[in-house]
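Chemist: If you want the building blocks of each chain, they are given just below.
2 protein chains.
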Amino acid sequence: MKVKLASNYGFCFGVKRAIKIAQDYKDSATMGPLIHNQDEINRLKNDFNVGLYTDLKEVKDKDTVIIRTHGIPKNDLKTLKERDAKVINATCPFVTTPQQIVKKMSKEGYSILIFGDKKHPEVKGVASYAQNPDDVHIILDINELKDINFKKNKIATVAQTTKKKEKYLEIINYLILRNKEIRVFNTICDATFENQDAARALSKEVDIMVVIGGKHSSNTKQLHAICLENCQDSYLIENETELDKQWFKNKNLCGITAGASTPDWIIQKVVKTIENI
Amino acid sequence: MKVKLASNYGFCFGVKRAIKIAQDYKDSATMGPLIHNQDEINRLKNDFNVGLYTDLKEVKDKDTVIIRTHGIPKNDLKTLKERDAKVINATCPFVTTPQQIVKKMSKEGYSILIFGDKKHPEVKGVASYAQNPDDVHIILDINELKDINFKKNKIATVAQTTKKKEKYLEIINYLILRNKEIRVFNTICDATFENQDAARALSKEVDIMVVIGGKHSSNTKQLHAICLENCQDSYLIENETELDKQWFKNKNLCGITAGASTPDWIIQKVVKTIENI
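For the protein sequence lines, the chains are F and S, in the order given. Its first residue numbered 1, the first sequence is counted upward by one per residue in this note's numbering. Its first residue numbered 1, the second sequence is counted upward by one per residue in this note's numbering.
Treat the hints as calculated values from the structure; they're not laboratory data. Be aware that a few hints might be false.
As the list claims (entries may be wrong) - Which chain F residues face chain S? A few, computed with CB under 8 Å, are given here:
no. : residue
1   : 136
2   : 167
3   : 169
4   : 181
5   : 182
6   : 183
7   : 186
8   : 189
9   : 271
10  : 274
11  : 276
12  : 277
Unchecked claim - Derived DSS-like pairs: lysine-lysine, alpha-carbon spacing no greater than 25 Å straight-line:
no. : chain 1 : residue 1 : chain 2 : residue 2
13  : F       : 119       : F       : 78
14  : F       : 165       : S       : 74
15  : S       : 180       : F       : 118
16  : S       : 146       : F       : 165
17  : F       : 107       : F       : 86
18  : F       : 165       : S       : 167
19  : F       : 180       : S       : 78
20  : F       : 154       : S       : 62
21  : F       : 167       : S       : 154
22  : S       : 215       : F       : 20
23  : F       : 180       : S       : 251
24  : S       : 104       : F       : 107
25  : F       : 104       : S       : 104
26  : S       : 165       : F       : 164
27  : S       : 146       : F       : 151
28  : S       : 180       : F       : 104
29  : F       : 180       : S       : 103
30  : F       : 103       : F       : 204
31  : S       : 107       : S       : 86
32  : S       : 204       : F       : 165
33  : F       : 164       : S       : 118
34  : S       : 164       : F       : 180
35  : F       : 180       : S       : 62
36  : S       : 74        : S       : 180
37  : F       : 152       : S       : 118
38  : F       : 154       : S       : 78
39  : F       : 107       : S       : 221
Given the structure is predicted, the values throughout are model-derived calculations rather than measurements. The C-beta atom is built at its ideal place from N, Cα and C for all residues, glycine as well.
Could you build all of it, start to finish, from the sequences and the hints given here?
Modeler: What follows is the structure, given as structure tokens:
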């Protein structure tokens, strides 16, 4: 079977970078799971002895602790450093940017608006960099703006890196009409959308489409749904053991894409298996 | 005939203020016509000896020169001051604001975008405050953005005070998606739109509507068009001599509004004449 990979798939820049950092620091531990893929976490443990902490209290003096791509709240970072741990910062540079923007804008006297999910670790981290916690507002929908009392009529805005631009613009437009100055920082990362665009394009030109990723991963399911729009024979699998030869009968070209938490070595195993069908 | 005035009509805050300033400085002259109404310019000349310069070269030492609401380019102001003229600044505060924003943002290293008409005196004045004239861009339409090469990917935006917010937002949204930081200043003044909204509301509740203003004034014609939508018997007049008693037959209530360059004393004459019909 002939195979064609999507022009963008799998890990984004920040995740690739974090995994490389983890591999460089054998015998370290990550603060929270590095990515949402147990196979990859097992590999890092088995091959590089990279462990996993789920709570700051577990960290001991002289431990080497890796901060994951989402970043962590400012005070947690401070606590880690006070505990005399060696801190390796694998926060994605696209997440460090909004952290630093919030810090600077808050210092310059702006009210802060974050478009994102207040329960998401990335957003918790970004929000923590504000000087005045009372004047940082986190929303997911324009309707939440009505209930907010900004302390200033100059507002700086950032967005969670994985959010949709259209909704961010809606929120900004609302603010512009009601305030003197809005300082808009475009902190949305294109990686998720580039994977989606590439899956959409590829699914139009192949006979069968295989999407690799966690069955409960929302971005993988989204990729699968996009592929199904253009290619009826689109299948979602977690690894090569789930492939069924029957799918490939009378097909010539198989397209492949993968969710943002799918490591390359799993993708390569799937590619090789399909090529041998 | 019973008369009802629109809740907003005629001069805006900035024009009222400029006329008051002109009256306070007898024997002065304005740099360009203070407003687009010859009757009012004649009144200022006859009652307060306020003259009119059309060119900087006409200004002599020790002259008292009034800057009109639109403001003037930075270098013209400098020339006036060098000529040892006494400069009275009647620039509308809502126009001084974008001038100062452009000055500050340009100094802080932002590219500047002005949404407005590059031939309009207000816009010429605002643009002149930029430190780097090569990086100030003036557009009326989003399509013009494609041809612009901003020197920075941080851009500060201001709008001509009389422009429509919807088009400003369109332009800003385009910029946000393509640049790291957009610093949006809402410099649009509501006065024009408040007169329009008030005319719309009033024209729905009266039997006849009289719009007072120049027959060639675009904002007066706009008011007339809005009134005609709701009240078939809407008339545009320049002063009370144009009123026709026939219009008021079998009518009970007459609504009145006026364009942004119509002085109050003309409006009062019209009101009195109609009340006596």
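Chemist: Hints first: check each against the structure and report whether it holds.
Modeler: Quick rundown of the hints versus the structure:
1. 136: 19 Å, violated
2. 167: 12 Å, violated
3. 169: It holds, given that the least Cβ distance between residue 169 of chain F and chain S is near 5 Å, below 8 Å.
4. 181: Where the cut-off is 8 Å and the nearest Cβ of chain S is about 5 Å from residue 181 of chain F, the hint holds.
5. 182: Holds: closest Cβ of chain S sits about 5 Å from residue 182 of chain F, inside 8 Å.
6. 183: 5 Å, holds
7. 186: 6 Å, holds
8. 189: 13 Å, violated
9. 271: Hint on residue 271 of chain F: violated, closest Cβ of chain S at ~34 Å, above 8 Å.
10. 274: Given a least distance of 37 Å, the restraint on residue 274 of chain F is violated.
11. 276: Residue 276 of chain F check fails; min Cβ-Cβ to chain S is 44 Å, beyond 8 Å.
12. 277: 42 Å, violated
13. F:119 to F:78: The hint holds at about 21 Å.
14. F:165 to S:74: 39 Å, violated
15. S:180 to F:118: 23 Å, holds
16. S:146 to F:165: 20 Å, holds
17. F:107 to F:86: 29 Å, violated
18. F:165 to S:167: At roughly 19 Å apart (the allowed maximum being 25 Å), residue 167 of chain S and residue 165 of chain F satisfy the hint.
19. F:180 to S:78: Answer violated: residue 180 of chain F to residue 78 of chain S is near 29 Å, above 25 Å.
20. F:154 to S:62: Given pair residue 154 of chain F, residue 62 of chain S is violated - Cα atoms ~42 Å apart, limit 25 Å.
21. F:167 to S:154: Given pair residue 167 of chain F, residue 154 of chain S holds - Cα atoms ~21 Å apart, limit 25 Å.
22. S:215 to F:20: 73 Å, violated
23. F:180 to S:251: 45 Å, violated
24. S:104 to F:107: 19 Å, holds
25. F:104 to S:104: Holds: residue 104 of chain F and residue 104 of chain S sit about 18 Å apart, inside 25 Å.
26. S:165 to F:164: Holds - the C-alpha atoms of residue 164 of chain F and residue 165 of chain S are around 23 Å apart, at most 25 Å.
27. S:146 to F:151: Cα-Cα ~37 Å, so violated.
28. S:180 to F:104: 15 Å, holds
29. F:180 to S:103: 17 Å, holds
30. F:103 to F:204: With Cα atoms ~45 Å apart, residue 103 of chain F and residue 204 of chain F exceed 25 Å; violated.
31. S:107 to S:86: Violated, at about 28 Å.
32. S:204 to F:165: Measuring from Cα to Cα gives roughly 41 Å; hence the hint is violated.
33. F:164 to S:118: Between residue 164 of chain F and residue 118 of chain S the Cα gap is close to 35 Å, so the pair fails against 25 Å, i.e. violated.
34. S:164 to F:180: 16 Å, holds
35. F:180 to S:62: 39 Å, violated
36. S:74 to S:180: 30 Å, violated
37. F:152 to S:118: With a Cα-Cα distance of about 32 Å, the restraint between residue 152 of chain F and residue 118 of chain S is violated, given a limit of 25 Å.
38. F:154 to S:78: 32 Å, violated
39. F:107 to S:221: 49 Å, violated
In summary, the numbered hints that this structure violates are 1, 2, 8, 9, 10, 11, 12, 14, 17, 19, 20, 22, 23, 27, 30, 31, 32, 33, 35, 36, 37, 38 and 39.
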